[in-house]
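These protein sequence lines map, in sequence, to chains A and B. Under the UniProt record's numbering, the first residue of the first sequence carries the number 1, and numbering increases by one thereafter. Under the UniProt record's numbering, the first residue of the second sequence carries the number 1, and numbering increases by one thereafter.
Because the hints were derived from the structure by calculation, they are not lab data. Here the structure is a predicted model, which is why all the values come from computation and not from measurement. Backbone N, C-alpha and C fix where the C-beta goes; we use that ideal spot for every residue, glycine too. Certain hints may be false.
Said to hold, decoys possible - A few chain B positions that, by computed beta-carbon distances, are all more than 12 angstroms from chain A:
1) Asp143
2) Pro482
3) Gln534
Unchecked claim - Example chain B residues on the side facing chain A (calculated, C-beta under 10 angstroms, incomplete):
4) Pro21
5) Gln23
6) Val56
7) Arg108
8) Leu109
9) Arg253
10) Ala611
11) Thr615
12) Glu641
13) Leu669
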Amino acid sequence: MLQFYLNDQLVRPTHRAGSTLLDYIRYQQHLTGTKIGCREGDCGACTVLVGELRPDANGQPVVRYQSMTSCLTPLGNAHGRHIVTVEGISQAAPSLTPVQQAIVAEGGTQCGFCTPGFVMSLTGHCLGGAATAEDARASIDGNICRCTGYKSLERATDRLTAQLLERDAAPARLQWLVQQGFVPAYFERMPERLAELRVDTVADVAARTGGQLDADAARYLLGGGTDLLVQRADEVLAAEVQLLYGQQERCFIRAEADGRIMLGAATTVEDLRSSELLLSRFPRLRRHLKLVSSTPIRNMATVAGNFVNASPIGDLTIFFLALDAELTLQNAAGQQRQLPLRELYRGYKQLNRQPDEQLVAISFRPPTAEEVFNFEKVSKRTHLDIASVNSAARLRVHEGVIQEAHLAAGGVGPTPLYLRRTSEWLAGQPLTPDTLRAANELAQQEISPISDARGTSEYKRLLLRQLLYAHFLEHFPQQLALQELV
Amino acid sequence: MHNLDAAGHVRGESQYLDDIPVQRGTLHAAVFGSPLAHGVLDGLNLQAARRAPGVVRILTAEDIPGENQIGGIVPDEPLLAEGHVHFQSQPVALVLAETEAQARAAVRLIEADITPLPVITDPRVAQAQGELIVPPRTFRLGDPATAWADCAHIIEGTAENGGQEHLYIETQGAYAYPTDGGGVRVHSSTQGPTAVQRHTARVLGTGMHKVEVDVVRLGGGFGGKEDQATTWGAMAALAAYVLKKPVKLVLPRHDDLRMTGKRHPYSSDFKLGLSADLKLLAYEVTFYQNAGAAADLSPAVLERTLFHACNTYFIPNVRATAYSCRTNLPPNTAFRGFGGPQGMFVIESAIAQAAEQLGVPAYEIQRRNLLEDGQVFPYGQRVEACNAGLSWQAAEQKFDLAGWQDEVDSFNNQNATKKRGLAVMPICFGISFTKTAMNQARALVHIYTDGSVGISTGAVEMGQGVNTKMIQVAARTLGINPNRVRLEATNTTRVANTSPSAASATADLNGKAVEMACRELRTRLLRHAAEDLQMNYEGLDIHDEQVLAAGTPAETDWEKLVSTAYWKRVSLTENAHYATPDLWFDQTQEKGHPFAYHVYGTAVVQATVDAVRGTYDVDAVRLVHDFGQSFTPGIDRGQIEGGLVQGLGWMTMEELIYNADGRLLSNALSTYKVPDLYSVPVVLDVEFLETPGHPNAILRAKAVGEPPLMYGLGGYFAIRNAVRAFRPDVRPAFSAPITPEKVLTSLYAPAKVPVATASRASTMAS
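Build out the structure end to end from the sequences listed, making use of the hints.
The structure is reproduced here in structure tokens:
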């Protein structure tokens, strides 16, 4: 039975697991503070908080809250969790919560339609975010406001940052937040309540998913929902779906004995972003992932979803292609096989995968100290946009000679591309402008971009050249200058 | 004072159209739009859709009891297509079902039999074929034909600007239900309740008195719900009227993007003459406006383009001609600025090209030609109380323009892969509806016996803070606390025959009416007090709810005053009518006095271009703006910030792409990008210019809605200047928006030749 807390109320919806949390909130529960703006995760007007029971650093159960766009959240993914809407926050204070006060005081609301989304994102930030201006702004990077031009909202986040410094000095964070009226008192009871629910939900989820993809190919396997509920919302809403949610064994990031890193398929982009292990191997990881969607979408979207949705422009796919990631696929009988990511794509949205096969894990060799890794992406809008062209590079250069190069590029062909010939040719070449120009000539032969809403084919060719150069200019600025290349 | 609606907004309690509790028996509507952009509509196959689950009825043009016509200025737009289709997604049929999902599923089962006709998307092609919405118009001043001989420099070129999607976060919608006595009540997300009322009555074949339109607030409008909310209001009303059931129609985002019109793309030719000392002597410009498939507001938008063709500069010899060209795109419509930005983009492009050819900074030309008192606009109005020079000088000094340019130059000398550009963007914007008759408004004020006050006007609250302004006006005029005053929903039965909330004039027009009504009530109450308490009327005042006699507290306060007046049978209700004085315009001469006053300001914009990737940041916008005597500075600052960022979006990333078949390719928020948090300037300074305001402005606080959008043009020219810092030999075509694609293509254009003119925005990426 599907059950979760909606604000301070336990609910047991009987609607399809693949229907949206948004519709349930607005049209079944009549909580109209959660607004509909785009139904594709691009505006944030429907943002809610999703709380999940997790052990904290001391092993104590706490509820971790993340912002998510309810338009792309399958109702089934709410199972066993705490869903918070603006109505569930407003009861915290007799008048306004500090988040609400900050927005009002700075004139951060005009027409007001996007405002509850901002309130939820910022409240989520106050529950778990770092008391820095950067983090506060990042928490609302998935919320579009067409009226204010954001400056008043920035000023509101600055007010909150000052207040959150006090939070960090307080002995008990949640207690302080309740006392200050950021969230209502019932939040303090949520760990206990969710723990009670968990007894039911664990068995429940296992029964529903069994960890295996059902052989019936008509069903959808839904991860974060951030692609399927955009591309095929009507079909998914009408179909029986199977959820990836709840498969804890598919959600991990760990170092293997042989030095490789392994990820579970249900790992989210935010999990990558907050992984100390990955940050130690990819010093620029946060900068790179800031270019990938927005905070709420990063909280929902899974790595495996990005791979199997097979978009030619998938950011993580390009990232991991340059790392030569290897996939573990598992069929309905439980048999596993390994497949290099480079061999997953057969054509536009065509996968080298059987209907009952499910991607369960991803492994790769992280860059060594002698290697550099770079990710580049250019889109019409720098953030929360789909790339015109993206590219990743893993490079080993020693004493002016390129020892090894692995280049991947998206948006320049029907599938995400590993630039095999260019990469192979570069090995052993001196790091000179002539080499890079020749590499570009080769790369141009490997790609076949088309003209579309993200740019003309000529532009994409030029942009790929520039991003190819950018990998080297970023990491070897002493050896190369832009003027020598163009 | 904060926006008084803000507390409800942040608590999620403010009510928008889709939040109205649904009545029992409500049907949900979905619209079937034409799959082709142009053709003969031979027939519709509705069989499968009629049999689909939950479907109650499908309405087509045949079901309209009155006239199938919703054209506002020109009667050329059917509510539901009949005989022909003229743009892709033009509404053809309306499906009514028990749920929204069922209605949408049934729409997908409808098939239209259409014989295709040629599709035009380019306004110049339309003009060449004589496809004009209205006859062309020309504004003239002096005689450019003879002035060219006196010019030391003559510059010629073209400029293109794209359209702009409004992207109000609340989509279009209406909820209609039958009322007692055979009428219909329509809750509509509209800026123009009277327009919805008028056209609904026409479609139903009934009187306007049987159609009540009610608007609480909008989740954004920006002009997109001025005339284009009418379609959905009339459609929901039609269904409610025919089926005798409540009907709700809220557009899904993708339908809204495909079915509604946007800001007009323009393609324009210019010729600019300058003297040796950089004075502008002559200007000829021809505008080709892409109106889309029906007139909508295009003729009025076209007119404002002509009014603002010279922006804030005096040019003694001008000939400005404008064609409104009929194409097979959705009918384009009002959008903040209303044609003004398009006109200004061309003169600014001409000046930029002149500056490049003559090797001087553009701001040298701009500065030498600013309007001054005593000069005359090309449309005949005298320049009075002009703040063009004042705002320029304030900006130049406060922001140290010379020093700033030096910093930019030295940055460019020291950086090989990043280049900066600086641009100055002065503006002059006329305030009033250019259709003189529309400059009227009414207010209905009730004082209740407990001293609280209810106000109704024709103003629609859409985030601009007009409710707060009305409350302030009433509270100040009556001498009472604003928390006693409530603004009622905008409703056609309380205040009739209203002009839409548009043209930046809503607070002025409705505020003046509120002020008049409240003054009359105040006079009436004080006369009552004088009589009641045997005081001398002269010298009576109400301040902070206390009645003062010659400055000292009298023996009555607001509550007592109201209560005693009621018992003495004094009327506590007043209705006032305001019409802006001295406005006229003679279209046969194209001369007159169309504007109540003008708003001025000057922005300085810096951008940085990444020469490796072709990406850019607008780093800083610092501006001086002529607010007059602002009485809601927080709200007014918000209008400047929001308008500027919307203008920057139009000039940089917001790209509407239609293919040659007239299909919108940027048809979702994933492909049409508006500014997000990270794309706004890190520095955004708004300085209030000290001016006395204008008597025609409410409480001398000048209108603030549209003017700031045009500061965004500065972003375009700053980015362009940064590109030229990297490639001084390249002259990028004047083509907005300046996307990363255009930047990169210019940065690496073949040497020493101008970049080829980009294909028109309307047909790009076909």
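Hint check results:
no.: 1; hint: Asp143; in the structure: 43 angstroms, holds
no.: 2; hint: Pro482; in the structure: 15 angstroms, holds
no.: 3; hint: Gln534; in the structure: 44 angstroms, holds
no.: 4; hint: Pro21; in the structure: 8 angstroms, holds
no.: 5; hint: Gln23; in the structure: 14 angstroms, violated
no.: 6; hint: Val56; in the structure: 19 angstroms, violated
no.: 7; hint: Arg108; in the structure: 8 angstroms, holds
no.: 8; hint: Leu109; in the structure: 13 angstroms, violated
no.: 9; hint: Arg253; in the structure: 5 angstroms, holds
no.: 10; hint: Ala611; in the structure: 7 angstroms, holds
no.: 11; hint: Thr615; in the structure: 6 angstroms, holds
no.: 12; hint: Glu641; in the structure: 4 angstroms, holds
no.: 13; hint: Leu669; in the structure: 4 angstroms, holds
Violation of the numbered hints given earlier is confined to hints 5, 6 and 8; the remaining hints are satisfied by the structure.
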